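Given next are the chains, with one letter for each unit.
There are 2 protein chains.
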Amino acid sequence: MSYIQQSFSVQFEYKVFFTEKIFDTANTDFANFLESRAEKGIRKKLLFIVDDGVTKHHDYLQDQITAYFENIDGFELIQDIIVVPGGEASKNDLQLFYWLVNTLDQHAIDRHSYVVGIGGGSVLDLVGYVAAVSHRGVKHIRIPTTVLSQNDSGVGVKNGINYHGKKNFLGTFAPPAAVFNDATFLATLDERDWRSGMVEAVKVALIKDAGFFDWMESHAGLLTQADPASLQYLIRRCAELHMAHIGGAGDPFESGSSRPLDFGHWSAHKLEQLTDFELRHGEAVSIGIALDSVYSWLTGMLDADSLDRIIKLLKELRLPLYHPLLEIEDDQSAIVAGLEEFREHLGGQLTISLLRAIGKGQEVHSIDLAILRKAVNMLRDKW
Amino acid sequence: MSYIQQSFSVQFEYKVFFTEKIFDTANTDFANFLESRAEKGIRKKLLFIVDDGVTKHHDYLQDQITAYFENIDGFELIQDIIVVPGGEASKNDLQLFYWLVNTLDQHAIDRHSYVVGIGGGSVLDLVGYVAAVSHRGVKHIRIPTTVLSQNDSGVGVKNGINYHGKKNFLGTFAPPAAVFNDATFLATLDERDWRSGMVEAVKVALIKDAGFFDWMESHAGLLTQADPASLQYLIRRCAELHMAHIGGAGDPFESGSSRPLDFGHWSAHKLEQLTDFELRHGEAVSIGIALDSVYSWLTGMLDADSLDRIIKLLKELRLPLYHPLLEIEDDQSAIVAGLEEFREHLGGQLTISLLRAIGKGQEVHSIDLAILRKAVNMLRDKW
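First to last, the protein sequences are chains L and F. Letter 369 of the first sequence, counting from 1, is numbered 372 in our numbering, and no numbers are missing. Letter 209 of the second sequence, counting from 1, is numbered 212 in our numbering, and no numbers are missing.
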């Protein structure tokens, strides 16, 4: 059999910066980054797309960004700063996606230009997808503004929108050019948002880092008061663990079946959809973590003391453990369908992360529905 | 300034197989490939999407594919073979794109499954894009059926659809899992199709391989008679040079401004659009090559003898040198707008490939419109 072999590798690099008041003229982080990307003879454009949840609390942002760019050479700010509705709804709206694609086209944003997304995880997912498919990939910069996006989705390599009610059915893997985590934006989050944002830290600690879990237990009081230093440590450590997994586990674009970072997520994705996204992603994941932890204990994989510590921490962080739509009446229950949808999205064998211990995840390839139902009922009745 | 550094590389590998009668049960090439990708416990699906230009001439294909899969274990053929309209029109139809995305969803095609595209370059571009964005990337196999797709687009890493009249405005870089070049399909191409398909070989020879150009000159007679052995050599050598460039030039996903393989393409893209795709891609590129060769000679970069050889070969292959829409009346002419659109699609500085000699491309960053107009007028009047 005659053939030509193709073989090449592509290197991806980006930095996640930690900063404050990013567009204050005294702050040179963003300007320094742009300077490092300047090329003689090329005038690069920047198009900003901002979550309306951000502009609501930071109405000075447009003026501040305009002023910030007055001192930057070699880059052209598109004066129209685009504001889009925030939250999961922004990922359900195909019209909004095409409106943004058209906006890139109208402003002649090319492959050397940057689309800058400022907002929560949903807006960043949408903006990242718009950038990834326009001209086969315009560069994008992320400025995540929520706890969840600063410690998890915003620092990773995925983007996407929902399609026909299926979460992230359309999307790509496209690393950002840079990420700027600005602590200023966290101060204006409502309580429900920053609280639910901490859950990805609980998750990554549970599967990867027992010491980080210990730290959260001892700082639970400060964390529930949104103590800035504690919140910063939590975000940074969570982002580090998340990024180390993407870069270090050998499968950044998830061509295999293993996805340990999705601990607690199979039921969470389905719960979000069933509640029409009334549940925040972090709240749904908290319930998903509780469910899979109880299931791990019921199958004898996890000891009772560890389970108690997990439930206690989630409760101390005032995160939910149960939702009525979790209820399993029979094999046709909606949440059970979520298992197959989760498998299908990644493909291949069903692979669910469970816990062997705090700090140690373990993958399994089947779920016993009777035990799962027992776990659901415990969450409903016991805590 | 505090930051976390992310850094990883992703390895891409695929083979381009040369075969005949790919779904004849006696041919094990495709089956052997699948076998090499089998994984215990995972039943992988295959969804076929076929160009109607192929089914028209090969109406046995559905039955043949069904029979072929009767002897393959571990893979499930989706019995419905999807037929889509061929040609550039398939890339202009957003409805068709979503219809295919829905088809993948309905058949529960997951990331371990394969979408197999059979057809010309346009259908493969569309199918590749559908696969690349569904579930953030379903694997895809290409079976190109035209000279052009077997020697050029089908063996590369790009996909895309047109949007708002702009060629490939939406798309990604997504290497296929495998490519199968089946010579059988070439026998039923109409003359215009296989003739225009040879032009990418002329192009790649001109910028990279003078010996290949010599070979084409000495085989021009056989090539115009579609002599199978000559056509096979032309396709294989062209595919090799194309793939070596993608894999070997250090920028497979085109993050820089250099794109030597686009020699002759800036005006071709615009001409295709201006003629509403009545001109075949290969015909437009032939005109584009003639134009940029004459321009290279007028600027003193290329000698007169080389220009004569290029024009002579294009004419011997019965490829066009001119189209009335090329006409430049003033700076606002449509074809001149194509220069800026070409720059914008790739971004950065204008970068146009010209010729220093046969086999040697050279990039320039500006085009003199008076000389360009002179080149157009020569193509209109001289040959």
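Hints are supplied without guarantee of correctness; some may be wrong.
Treat identical chains as interchangeable: a pair holds within one or across any two.
In silico SDA-like cross-links for lysine to any residue, where the CA-CA straight-line distance does not exceed 25 Å [said to hold, decoys possible]: (1) K169 x P323; (2) K211 x S12; (3) K318 x Y63; (4) K43 x F345; (5) K169 x Q98; (6) K47 x R376.
Source of the hints: derived by calculation from the structure; they are not laboratory data. Bear in mind the structure is a predicted one, so any value in this text is a computation, not a measurement.
These are the hints, each one checked on the structure:
1. K169 x P323: Within one copy only: 23 Å inside, 49 Å across.
2. K211 x S12: For K211 and S12, only the inter-copy Cα distance (23 Å) is at most 25 Å; the intra-copy one is 28 Å.
3. K318 x Y63: neither (37 Å within a copy, 64 Å between copies)
4. K43 x F345: between (47 Å within a copy, 20 Å between copies)
5. K169 x Q98: Answer is both; intra-copy 17 Å and inter-copy 19 Å each pass.
6. K47 x R376: Neither, since 56 Å and 30 Å both go past 25 Å.
Hint compliance for this structure: hints 3, 6 are broken, all remaining hints hold.
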